[in-house]
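> Given only the sequences and the hints, what does the whole structure look like? Please build it.
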Amino acid sequence: MRYLPHTGEDIAEMLAITGHKHLDELFSHIPEAVRYQGDMGIPEPLSEWALTEHFQRLGANTKAATARAVLLGAGSYSHHIPAVIPSLINRSEFLTAYTPYQPEMAQGTLQGIFEYQNLTARLLGMEVANASMYDGASALAEALLMALRISRKKSTVAIASAIHPHYREVVYSYLRAGSFGIVELPTGPDGRTDLSGLQDIDDLAAVALQSPNFFGVIEDLEAAGDLIHGGDALFIASFSEPFAYGLLRSPGSCGADIVCGEGQRFGMSQSFGGPGLGMFACGRKFQRNMPGRLVGETVDLEGRRGWVLTLSTREQHIRREKATSNICSNQGICALTAAAYMASLGSTGLRRVAGLNYDKAAYLRESLIGAGASPLFSGPTFNEFCLTFKEDFTPIRKRLLERGIVAGVELGRFYREYAGSYLFCVTETASRAVLDEVIEEVR
Amino acid sequence: MRYLPHTGEDIAEMLAITGHKHLDELFSHIPEAVRYQGDMGIPEPLSEWALTEHFQRLGANTKAATARAVLLGAGSYSHHIPAVIPSLINRSEFLTAYTPYQPEMAQGTLQGIFEYQNLTARLLGMEVANASMYDGASALAEALLMALRISRKKSTVAIASAIHPHYREVVYSYLRAGSFGIVELPTGPDGRTDLSGLQDIDDLAAVALQSPNFFGVIEDLEAAGDLIHGGDALFIASFSEPFAYGLLRSPGSCGADIVCGEGQRFGMSQSFGGPGLGMFACGRKFQRNMPGRLVGETVDLEGRRGWVLTLSTREQHIRREKATSNICSNQGICALTAAAYMASLGSTGLRRVAGLNYDKAAYLRESLIGAGASPLFSGPTFNEFCLTFKEDFTPIRKRLLERGIVAGVELGRFYREYAGSYLFCVTETASRAVLDEVIEEVR
Amino acid sequence: MTVHGPGTSGLILDEPLLWEKGKSGRTAFSMPDQDVPEVADRLDDKLLGAGPDFPDLSEMDLVRHYTRLSSWNFGIDTGMYPLGSCTMKYNPKINEKMVTTAGIATAHPLLADELSQGVLQVLHELQYFLGAVTGMDSVSLQPAAGAQGELAGMLIFAAYFREKGEKRTKILIPDTAHGTNPASAALSGFTPVALQSGPDGTLDVESVAVLMDAETVGIMLTNPNTLGLFEESILEITAIVHQKGGLVYGDGANMNAVMGMVDYKRCGVDVMHLNLHKTFSSPHGGGGPGAGPICVVSELEKFLPQPHIVKKDGYYQLEHDCPDSIGRLHAFYGNFAVLVRAYCYILSMGAENLKKATQLAVLNANYVRESLRQALHLAYETPCMHECVFSDKLQQKHGVSTLDMAKRLIDHGYHPPTIYFPLVVSGAIMIEPTETESKEDLDRFIAVFKGIIREAREDGERLRQAPTRTRLRRLDETLAARKPCLTG
Amino acid sequence: MTVHGPGTSGLILDEPLLWEKGKSGRTAFSMPDQDVPEVADRLDDKLLGAGPDFPDLSEMDLVRHYTRLSSWNFGIDTGMYPLGSCTMKYNPKINEKMVTTAGIATAHPLLADELSQGVLQVLHELQYFLGAVTGMDSVSLQPAAGAQGELAGMLIFAAYFREKGEKRTKILIPDTAHGTNPASAALSGFTPVALQSGPDGTLDVESVAVLMDAETVGIMLTNPNTLGLFEESILEITAIVHQKGGLVYGDGANMNAVMGMVDYKRCGVDVMHLNLHKTFSSPHGGGGPGAGPICVVSELEKFLPQPHIVKKDGYYQLEHDCPDSIGRLHAFYGNFAVLVRAYCYILSMGAENLKKATQLAVLNANYVRESLRQALHLAYETPCMHECVFSDKLQQKHGVSTLDMAKRLIDHGYHPPTIYFPLVVSGAIMIEPTETESKEDLDRFIAVFKGIIREAREDGERLRQAPTRTRLRRLDETLAARKPCLTG
Ligand SMILES: Cc1ncc(COP(=O)(O)O)c(C=O)c1O
Ligand SMILES: Cc1ncc(COP(=O)(O)O)c(C=O)c1O
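Protein chains in written order, with my numbering: chain A, 1 to 443; chain B, 444 to 886; chain C, 887 to 1374; chain D, 1375 to 1862.
Some hints here could point you the wrong way.
Part of the chain A face toward chain C, derived, beta carbon under 10 Å [claimed, not checked]:
(1) L51
(2) L95
(3) L110
(4) Q111
(5) M126
(6) A137
(7) I150
(8) S378
(9) F382
(10) G412
(11) R416
(12) R432
No farther apart than 30 Å at their CA atoms in a straight line, the calculated lysine-lysine pairs in the DSS-like style are these [what the hints assert, rightly or not]:
(13) K1151/C to K464/B
(14) K983/C to K506/B
(15) K1685/D to K983/C
(16) K765/B to K1730/D
(17) K21/A to K1242/C
(18) K728/B to K1729/D
(19) K464/B to K1729/D
(20) K1685/D to K1618/D
(21) K909/C to K63/A
(22) K1053/C to K153/A
(23) K909/C to K932/C
(24) K728/B to K596/B
(25) K1420/D to K728/B
(26) K1729/D to K1242/C
(27) K1676/D to K1541/D
(28) K1056/C to K983/C
(29) K1325/C to K1279/C
(30) K909/C to K1730/D
(31) K21/A to K1241/C
(32) K398/A to K1056/C
(33) K1471/D to K1857/D
DEER-style ranges, computed between Cβ atoms [what the hints assert, rightly or not]:
(34) L1121/C to R846/B: 34 to 40 Å
(35) E627/B to D919/C: 55 to 61 Å
(36) D1099/C to E25/A: 36 to 42 Å
(37) S817/B to K1857/D: 54 to 60 Å
(38) R443/A to R846/B: 52 to 58 Å
(39) D1427/D to L1365/C: 53 to 59 Å
Hints are computed from structural coordinates only; laboratory data are not their basis.
Quick reminder that beta carbons are idealized off the backbone N, C-alpha and C, glycines included.
See the structure below:
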């Protein structure tokens, strides 16, 4: 086997040193009663060539692959990835390194993550960001736990029902163990979160909103922030589509205390939803309450600038059960990818691509409304929007699918009250020709 | 444009230094009469995404791509390429470097090419090898020119007609300018070169054979070498399928003076025939007559082993019109690839893959003969062989093509006398299932 | 005669921070066509921002930036990386290629099952394979890393006792456990109770018997443990826990030591996680992503995170409606591309080579253990599995610490072992060579390490100054923590 | 104040030769299934060999070997590479991806035209583009590098005069020409006659007029020439050559200086080659492969290498039967994958950006020229195009040579310029920055170079000892040539 370098001779020589007669003797202290019985029932090894053929078949069986366009967002967005990004990030010095515990051998990873922290903070308008969380969903859960830690005596949090339903599910899983109260805030007719009930909630540690929210509607974060802070709660802003911040005001500039969300769209392939990248940022005053790893600047023996993992006393390695989180391995290479991607766009590029997303989505939205659909919500949107159709959309959707276009997620799956309405997404990867085909089919 | 870093401001500042008013003024000394008129009539720039779509279409229009099996050799062979090979060789330090003129910055390339020279010499059973020629065809032409240089007063060469027809064409192009005689040696009924006429050729500087030859037949190189040397000519051995040397005796051990051939099968994709890799080796006594670059061992100021380009006084940089060849840029990264590929196989792997080629080809050959075909030649073969069919093979070939199997090259295209016979190739990439389909169709 | 490792020094290029480069107006991004009308007033001024202040770079700028940064890093592909507890084995290149297969890389996670059969097949088969390797009954691939696997396990513990109506709050965790274990337990509402390991580095049945009570949900143990030792009393321990109504959690991060050798279900483990970025060769990416699938006995299957991935009538499906499930832990189905790599690895290896890998990993560790035990203090005499733990006890008298020896290894071109972990061994040096290191490479490493130990006696200052061949010398970690600068 | 380049030093790993590694029985190759019977006696003993003695390595061995070797190398992606006459511009990554497209990478060269339309389209369109860029009428893509393009051109010269029944044997070649020019001419049976360049570095019309006679096939010139200067008398020169019945060959290796600015047909050039691995961004691969397409005026089209690639009735075809062709130069159609990269580059740039690239390349060269001309002796005052040539004239008195300055640049992290070429400038330093270097990077390079020149005055020994930051110091080239060791 090409991964196993030992020749028969090597093994014999080594056993002579270790004082064992054969390889099995190395395991002789393992009680018989717990020994594996028989073989493992795994298929015979596939050669590289057989494996490649197998994957060709698997890929072909994922019909998503052959779709011409997937006008679907709902937490996973199709964005262009420049060829430079994988070719740089897949360099083995980055890819095959462990967590940078030995900073002298890992300055590449460390500077790369430090840059990620910085660009993330800039994107979100926050002071500090961590080295990553698993994904947008667990980042939100950790943000709520962090807010509860900061607010100490309070034990209730409020989350918008317009937050991605899966993110909310993860919040419930994470918060279940503590005896916390979770209140869901309703969605108004404009598709924005209705905060009018906030003042009636006692003991409120934090309020979490997502913007653009699951319906694609841009929340009025500034107004929300004022209200939330008025109630002396912490304001958590979540997101699933960071491209929006190429156009929108950053959550930080709207007063958010913790901002967290999903960064997969910054250079990672969609890959059936993972790996993602949990982006996580907060104000400097909260940095010691943050979950996750942090890279910080320092100097070497000769005074030269360098980077190390820092503030690790918050972490489980040292704090064990008192850690701010249990997270250890995070999404290192994803963070590095996101930094490279943000840098590949630059201010100029992000602005333009975000604008293009807006324009393309607006084009489809307005055209479909022109063709008889009605907006489910009146609020402003970025690259996602919800529509209701006069007639059943199912057969149209099926016909489009036959032409290789996947259009819209049915909302009933997530919100019974909106059954029959659809959530569409249009990014810069959708050509006008495809959009026109959709419009034609609806007309 | 993302490849052009200059901002308007940069340009203005730089022009201020160079003393020009605008960019066009940098060209003001170019006579009007030779200026380019109008624009260049090249399409508007394609974005990375449009280019990718364009290539998807181009790839799909190359129906070869979707073939399930191409049982075709004739100078271009399908062999498996381990994923490690491109992932290592595409490292930008190798790929984006120039020729290693500054050895202190290019020890990677230099050691890599030195290793290539060594492994090539081992493969071919020769003492030295150069850093590469363009391809097998021009390598043969250069070998003949080298032999003519060595033999000084003689001006005739003999080449087997069983050498790849394209290689022979290139030989004619290269040798046309000198007033050399070229004699073609006939092919006997066993498919081997008939050397009986050799002694009648006067003034013979060199004789070139290919083994396995174009018909797939393995020449008796040792006997040929004795004959050729008996006539005081140099013996040049050419090849188009180096995998054969995993099983066969090396040309060097059969007495060849110069060995040259095509190395693309060692890790490069077929890519419509190029880039290839001209492998070129000879005895040490001829090394100063060799064309092409050479990497040699030396030491640095502190006595540490290192590598440099050497014996460059043979080359055009220094010798100009008296150089042993005009070759300058060669096939650097292809040579590096071939070395990595040879090392990935090792003795053990090459032996086994070569055996597999033999066995698979034998399986198809014997089965088709069993199904009624007859061998065109009686000589031994490796992974290619020629067959004649009782009935016209064209409709069978067409039916196979419809099933995605490309089987055989018609020989009439290259040798009028063998019209209607076909040259087949079976490598380790052909599965038995495919071979059985072919057999079934012929039966 | 001094033996040198491969480490030397050579030309390396410096590179500033991204935002110290570039010029406004550049971009490395290829702009797609604006083929729809540009909307003039896109949004209300109240919502519209200026966009973040990112550096604008050309493609060449970007390429050089990351190319140079990479040259300051060290990966498995660079050299030996015997980081204990991390299983830094070779990461096959073919796996990296497979994840980019069209359909695998591009699958949207919310497409209907009938459009996702290929990717669902990967997940379903991988679940099966991991069950087969561990001996456990059911698997969920959702946890994004080992620690999230632990969390899933702890949540299952909680769900189990909730269903049984038992209120238990404590959990036994050995003092050798990885820090994530107590942290995950705490996150799930349990109070860890530290179990002291015995003088031989393994657990003592008695102390488990004493501490395991009706208020305790069970035990969370690592086997082989983080000292690289097999808990030989595993059966007695799990029997006690079960007898007292508790459950057994197994941290399977060290699975590389026992593939095909140990059956965790037979050990009495009820829930365990695996670290695919260790045992199953998925690259660690300088800190992730990993994948921490969780395996359970059939009794606990219903509690696994949802959606479940099932096969019915030859058709792969996502089952969303799992009323007993602990719920969802990931926005979709976990770190899919990491799972794909592990799947490729298992398919490439087959059962026999997986077992062989384990045997060779253990052989390599024993070989290093025997070869260095004269020179370094061996923490425990207990037979070791895939890693061995030494300490700096013998070097302290020369004023040389574990850290100094580790840093000196860097100069020789080796990544240091894990140091100062587990905490129970003072000045621990934990070496896990893994099976993909050859005997020659081990021999050289051993000789170099012996040379360093000699140096510790003769020229300790040289070690305290190390590393000297790296672009930067030792970094001031105290300063970084005292005055945190996290964004520059 | 000294300005430092990015060069510094850091950890680099040594690595032995391939055959100093490994162990018999290993292999890094994944063995396909033996799904047919193994033939017992494959071949006659007389034919059967033992197979070569290759080292047997594991996949990990192989990966580390090349990873480490790569770290001793420097490419465009590492840093600035202002190698004159080589046009070391950025090599776009997207082009590397495009060549791997299924169908593009896998095409067998002997498949019928109807199965090869996609690849033939690439070739046909590229022929058209290169004709458009140069202004020439017809193109063949077959030559595998610049030198083979020259050979093709010279063979066309020969064919042309053969057809005309004229026996001419000499050819005029300027003394500044690249060595391949005289070598290619000689290979084609012509005797080069050296044309001295004038005091301003360009050709003198008079000397052409004197030497061009009825025995001379014509002239082989490079424009801009290898000093980076535009031959302003080009029209007069080509007129004389044509008047005397000769032909004009243009070495187009320096096309990067004139895209969209100069029309070679209007210059009077009859045949020219291009270096796609220079002007058109195909990476040089540490020595190739390149591609040296040849462009001709319509009168000479019939002589182009065969097969010709044509389009008839919307259908791409290989035309094999070209009776006047000089024949074949490559086993198939040239270095196809290199051609694909150039094609991608042209499609990505479009006409406007190609012209812009030229303008910026010339701007960059002029900027360096103006910035360094006080410190270094400028060889010619003639306005420069894409590169500028200095010499070590001012430094000689300090005992510092061009070589010393070049080696010192290495320590600062720059690839040295081309040195000691062209031969007409003693101690030449030829700097070609290309358009993909930014102003900031040029400024730093200039400042560093000035610093080195200062050092030459103050501490020449430092330069003579350079480089000191590389893994190896200066290498003994004399020893290598005196006792050639070519295979170890
Ligand atoms: C024994 C053990 N358990 C758990 C973990 C945590 O795994 P992860 O880092 O994937 O969260 C580790 C990883 O370092 C470990 O070594
Ligand atoms: C001016 C000039 N002509 C010709 C050549 C030869 O090109 P190639 O190396 O591709 O054969 C070169 C390359 O160095 C050159 O600079």
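> Evaluate each hint against the coordinates.
Hints, verified against the model:
1. L51: holds, 6 Å
2. L95: Result: holds, 5 Å to nearest chain C Cβ.
3. L110: Hint on L110/A: holds, closest Cβ of chain C at ~8 Å, below 10 Å.
4. Q111: holds, 6 Å
5. M126: Since the shortest Cβ distance to chain C is 9 Å, the answer is holds.
6. A137: Holds, because the Cβ-Cβ distance from A137/A to chain C comes to roughly 4 Å (cut-off 10 Å).
7. I150: With Cβ-Cβ at 16 Å, over 10 Å, it is violated.
8. S378: Violated, about 13 Å.
9. F382: holds, 8 Å
10. G412: Since the shortest Cβ distance to chain C is 13 Å, the answer is violated.
11. R416: Not OK, violated: R416/A not within 10 Å of chain C, min 14 Å.
12. R432: holds, 4 Å
13. K1151/C to K464/B: violated, 81 Å
14. K983/C to K506/B: Within the cut-off at roughly 23 Å; holds.
15. K1685/D to K983/C: violated, 37 Å
16. K765/B to K1730/D: With Cα atoms ~40 Å apart, K765/B and K1730/D exceed 30 Å; violated.
17. K21/A to K1242/C: holds, 16 Å
18. K728/B to K1729/D: With a Cα-Cα distance of about 51 Å, the restraint between K728/B and K1729/D is violated, given a limit of 30 Å.
19. K464/B to K1729/D: Given pair K464/B, K1729/D holds - Cα atoms ~18 Å apart, limit 30 Å.
20. K1685/D to K1618/D: Given that 30 Å is the threshold and the Cα spacing comes to 36 Å, the pair is violated.
21. K909/C to K63/A: Violated, at roughly 43 Å.
22. K1053/C to K153/A: holds, 24 Å
23. K909/C to K932/C: holds, 29 Å
24. K728/B to K596/B: At roughly 19 Å apart (the allowed maximum being 30 Å), K596/B and K728/B satisfy the hint.
25. K1420/D to K728/B: holds, 27 Å
26. K1729/D to K1242/C: violated, 61 Å
27. K1676/D to K1541/D: The hint holds at about 20 Å.
28. K1056/C to K983/C: violated, 46 Å
29. K1325/C to K1279/C: holds, 27 Å
30. K909/C to K1730/D: Given pair K909/C, K1730/D holds - Cα atoms ~18 Å apart, limit 30 Å.
31. K21/A to K1241/C: holds, 18 Å
32. K398/A to K1056/C: Violated. K398/A to K1056/C sits at ~54 Å, over the 30 Å cutoff.
33. K1471/D to K1857/D: violated, 43 Å
34. L1121/C to R846/B: 34 to 40 Å: About 59 Å separates the Cβ atoms of L1121/C and R846/B, which means 34 to 40 Å is violated.
35. E627/B to D919/C: 55 to 61 Å: holds, 57 Å
36. D1099/C to E25/A: 36 to 42 Å: Check passed, 39 Å falls within 36 to 42 Å.
37. S817/B to K1857/D: 54 to 60 Å: holds, 57 Å
38. R443/A to R846/B: 52 to 58 Å: violated, 43 Å
39. D1427/D to L1365/C: 53 to 59 Å: holds, 56 Å
Hint check: violations occur at hints 7, 8, 10, 11, 13, 15, 16, 18, 20, 21, 26, 28, 32, 33, 34, 38; the rest are consistent with the structure.
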